[in-house]
Structure formats: structure tokens, C-alpha cells
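A.B. asks: Residue numbers (the UniProt record's numbering), protein chains in the order written: chain U, 1 to 212; chain S, 1 to 212.
Treat the hints as calculated values from the structure; they're not laboratory data.
Hints should not be assumed to be uniformly reliable.
[To be verified] Once the Cα atoms are required to be at most 27 Å apart in a straight line, the calculated DSSO-like pairs of lysine-lysine come out as: (1) 32/S - 44/S; (2) 44/U - 32/S; (3) 32/U - 44/S; (4) 44/U - 44/S; (5) 44/U - 32/U.
[As the list claims (entries may be wrong)] Which residues of chain U face chain S? A few of them, derived with a C-beta cut under 10 Å, are: (6) 83; (7) 88; (8) 90.
[Said to hold, decoys possible] Some, not all, of what chain U presents toward chain S, calculated at C-beta under 8 Å: (9) 37; (10) 40; (11) 64; (12) 70; (13) 81; (14) 107.
For glycine and all other residues, C-beta sits at the position ideal for the given N, C-alpha and C.
There are 2 protein chains.
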Amino acid sequence: MYLVTSGHDQHTVDVAAQVAAAGAGVVQVRAKDITTRELLALTKDVLAAVREANPATAVVVDDRADVALAAGADGVHLGQDDLPPSVARQMLGPDAIIGLTTGTLELVQQAQAFHTDNPGVLDYIGAGPFRPTPTKDSGRQPLWVDGYPPLVAATSLPIVAIGDVTVEDVADLSATGIAGVAMVRCLMNADDPHTEASRALALWRGRAYRDY
Amino acid sequence: MYLVTSGHDQHTVDVAAQVAAAGAGVVQVRAKDITTRELLALTKDVLAAVREANPATAVVVDDRADVALAAGADGVHLGQDDLPPSVARQMLGPDAIIGLTTGTLELVQQAQAFHTDNPGVLDYIGAGPFRPTPTKDSGRQPLWVDGYPPLVAATSLPIVAIGDVTVEDVADLSATGIAGVAMVRCLMNADDPHTEASRALALWRGRAYRDY
Numbered sequence: 001m002y003l004v005t006s007g008h009d010q011h012t013v014d015v016a017a018q019v020a021a022a023g024a025g026v027v028q029v030r031a032k033d034i035t036t037r038e039l040l041a042l043t044k045d046v047l048a049a050v051r052e053a054n055p056a057t058a059v060v061v062d063d064r065a066d067v068a069l070a071a072g073a074d075g076v077h078l079g080q081d082d083l084p085p086s087v088a089r090q091m092l093g094p095d096a097i098i099g100l101t102t103g104t105l106e107l108v109q110q111a112q113a114f115h116t117d118n119p120g121v122l123d124y125i126g127a128g129p130f131r132p133t134p135t136k137d138s139g140r141q142p143l144w145v146d147g148y149p150p151l152v153a154a155t156s157l158p159i160v161a162i163g164d165v166t167v168e169d170v171a172d173l174s175a176t177g178i179a180g181v182a183m184v185r186c187l188m189n190a191d192d193p194h195t196e197a198s199r200a201l202a203l204w205r206g207r208a209y210r211d212y
Numbered sequence: 001m002y003l004v005t006s007g008h009d010q011h012t013v014d015v016a017a018q019v020a021a022a023g024a025g026v027v028q029v030r031a032k033d034i035t036t037r038e039l040l041a042l043t044k045d046v047l048a049a050v051r052e053a054n055p056a057t058a059v060v061v062d063d064r065a066d067v068a069l070a071a072g073a074d075g076v077h078l079g080q081d082d083l084p085p086s087v088a089r090q091m092l093g094p095d096a097i098i099g100l101t102t103g104t105l106e107l108v109q110q111a112q113a114f115h116t117d118n119p120g121v122l123d124y125i126g127a128g129p130f131r132p133t134p135t136k137d138s139g140r141q142p143l144w145v146d147g148y149p150p151l152v153a154a155t156s157l158p159i160v161a162i163g164d165v166t167v168e169d170v171a172d173l174s175a176t177g178i179a180g181v182a183m184v185r186c187l188m189n190a191d192d193p194h195t196e197a198s199r200a201l202a203l204w205r206g207r208a209y210r211d212y
């Protein structure tokens, strides 16, 4: 499970920590309308909180390789309009996590062709939107559950589904062959993000969630 | 002389090359409302054109150390809200040019204190606005000519005046002890940027410009 943050206050940091504690694999720090220095501060805060909550959870930064490097984050998530992945890989080194946004068969095929020619640059691809989303207007058609198997078939890269995915979608999506689900609003706006994330992870693992 | 670009088309690249050919010391690539990938492409184009026009002209990128690194530019110009200078220095290495925006006595004193504690991080500071400018609203009061001598006295760092500086201001500004003048609109909008830049440089050097 993969959390994409929204906002840039203590709530953002708290949710990141709770979702990490529940067992999320990745937290992506995303905040478009703040200054570079604010993004750096937010990334450092999220990183510290996530490290404390769960050392196994990776923290990546949306778009900004320089901020990822400056904060000591684990990697960067790149959109199609961000730095080319090869450049980010050069900047961040072989151990960084680098993801790329896709969402159509053509973009997945392009990513796969790139990956074949440049192994070791991309670690995963995001694919979305799963459903229409107010968070990010990509101009791409929603994929829904049925859109994922053809994408999975077109690449050897792990695919993370994104775009208004909710806990209720996790079981269906887990059967499509994708590697993970990214969530934004459903966790950021949850009354209890830890429980919500735990439910999602339990469903992902194929069993109903029980609150121990 | 220091050009700060505006726009992100062929005109931007052409003006940069002409101003470099006229003898500008620095071209800063600044473009706030484009994608990272567009900024990278623009920076590469400006860099190639400036290198060809004048190998002695440095090219720095506004804000984005990652783009500077990716493009192979000479450095980065940082605002007060951008990455901390130490982080950029770490990222770009000892030879990069790193500048910081200031514009009040307090900010210059802060920059100087930082410079004293961390020699080798900052190469110069920008100080502005010289006059009120529509390009960038910093919230700071315009300095006019008389504002510069106290700033020059407060720091050992070279000061570059910025903020709607025109060729007509150069002679007066050159007498304040600053190290250079940055120009945006006066060169970007000039009918003949090369001549305009040559005039500015000749005035800076204390003599009237003659078109040889």
C-alpha cells in the first residue's frame, strides 16, 4: 500500500505516520502549491515521523529530485512532465526508488520500452486514474478495475493503481495483477487513518480486517 | 551584467545568446509556470546557445538545483523560499555558482552571517527590487540607487542589483559599489538585445557606448 499525501501541516505528517505504522510500503510526499523550502520542511517532517513509525516504509517525493536528495528521502516519483527518470537516477544513485506516472496502454508500453533499454532506472510505475478524481486532472480516461489487467500484461514493472482508490476497491484491484494501490483522499480524510490503512492492507492480503 | 530570462520560447533563447555575446557574465533561466521537463528543455537550449555565443558567460537556473544538475548548468539562484544554499552547494559541488536573493539590510546581514559561518557556499547575493516591478512581487520596498551603498557596506559578498533595472540606471548603480546589475524586461523586450546589453556594459565600464 502506498499513501500519497495532501496538505502540508501536522495532519499530513500524522496521517503519514499512522499509515506507515499500519504497514504501508511507500509514502509519497506531494504538495504542489508550496515553496521549495516548505516542501523540504514537510518532507523532513514526514520522513522523521515515518521512520519512527515504521522503518520499512519508504518515503519518496513527488517531482523534486533535489528536495528528495536534500531531505534524505528514499526516492522520487516522476510525472510525465517531470525530470526524465534517467536524470533522476543519475542524481539519486542506484539505491533510490524511482517511480513514473502512466495510465494508458501507450504510456505503459513506452515505460516498458524504456525499462528494457535502461534497466535499473525505474522501480515501478503508477497507473491511473482508477476513477475520475478531483485531486489531479491528468486528462486521461479512468481505468476502473478492468483497465488494469491489460496494463499489467504490457510490462514487467510493478504497477501501482492510483486515482481515488478507496478501501472498498482494494479486493477487486488486488485480483488484477497490480503490485499495489495508492490512496490519497481515502486515507488523508479518514477519521482513523491507521484503521483505514490496516483494513486496506488486510483486504489486499486477501482477508477481512479484524481489529485485534 | 546579468540577464534574468522571461518566457520559454525561441525568443528567450535568442535574447540569452545575444546578451551573452555582448559580454554578460551570467544568464539566469527563470520560468515559473512551466513543467519541470519544459524548464529542463529550456535550460538546455539556453545553455547551448549561450555557450556558443560566449563560453565565458555562466548559466544558472532559478530555484531548481535538480534541473541545473540535469542540464549541466553552472549553478543555481535561490530565493529565500527555495532550497537552503548549503543543500544546493552539497548537491552541485564546489565549482557551481550559487546566488541568494536578498533586498533588505536584515536579509543582507543574515546572508553575511551565513557566509561568515559557511564560507564557500554563497558566491553572490541579489538585492532588490531596485524599483517596483511587475515581474516579481517580493513584498519588499524598492531600494532605488540610494538603497545600495548600505547593503554593500554590510557584506563582503558581491551584490547584484535587480528589479526593473534599465540601461539608463546603470551608470548611477555602478557608483554604489555593487558588483553587477541584473536585467529582465529591459533586455527581454528590447528591439535589439545585443545593442542594449552592449550599451549597459559600456555604461557599467564607465564610458558611453559606441556601435563599432
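A.B. asks: Take the hints in turn and mark each one as holding or not.
C.D. replies: Against the structure, the hints come out as follows:
1. Distance hint between residue 32/S and residue 44/S is fulfilled; the C-alpha atoms sit about 16 Å from each other, no more than 27 Å.
2. With a C-alpha separation of about 24 Å, the suggested pair residue 44/U and residue 32/S falls inside the 27 Å cut-off, and the hint holds.
3. Straight-line distance between C-alpha atoms of residue 32/U and residue 44/S comes to about 24 Å, which keeps the hinted pair within the 27 Å bound.
4. Distance hint between residue 44/U and residue 44/S is unfulfilled; the C-alpha atoms sit about 30 Å from each other, more than 27 Å.
5. Note on residue 44/U and residue 32/U: the hinted pairing holds, with a Cα-Cα distance of about 16 Å set against a maximum of 27 Å.
6. Taking 10 Å as the C-beta cut-off, the interface hint given for residue 83/U holds, the closest approach to chain S being about 5 Å.
7. A least Cβ separation of about 8 Å between residue 88/U and chain S falls short of the 10 Å threshold, and the interface hint therefore holds.
8. Taking 10 Å as the C-beta contact cut-off toward chain S, the hint placing residue 90/U at the interface holds, the least distance being around 8 Å.
9. Annotation: interface hint on residue 37/U holds; nearest CB of chain S at approximately 5 Å, less than 8 Å.
10. A least Cβ separation of about 6 Å between residue 40/U and chain S falls short of the 8 Å threshold, and the interface hint therefore holds.
11. A least Cβ separation of about 6 Å between residue 64/U and chain S falls short of the 8 Å threshold, and the interface hint therefore holds.
12. A cut of 8 Å between beta carbons decides the hint on residue 70/U: the least distance to chain S is about 4 Å, and the hint holds.
13. Checking residue 81/U against chain S by beta carbon gives a least distance of about 4 Å; that is within 8 Å, so the hint holds.
14. A least Cβ separation of about 14 Å between residue 107/U and chain S goes past the 8 Å threshold, and the interface hint is therefore violated.
Figure legend: structure checked against the earlier numbered hints; hints not met, in rising order: 4, 14.
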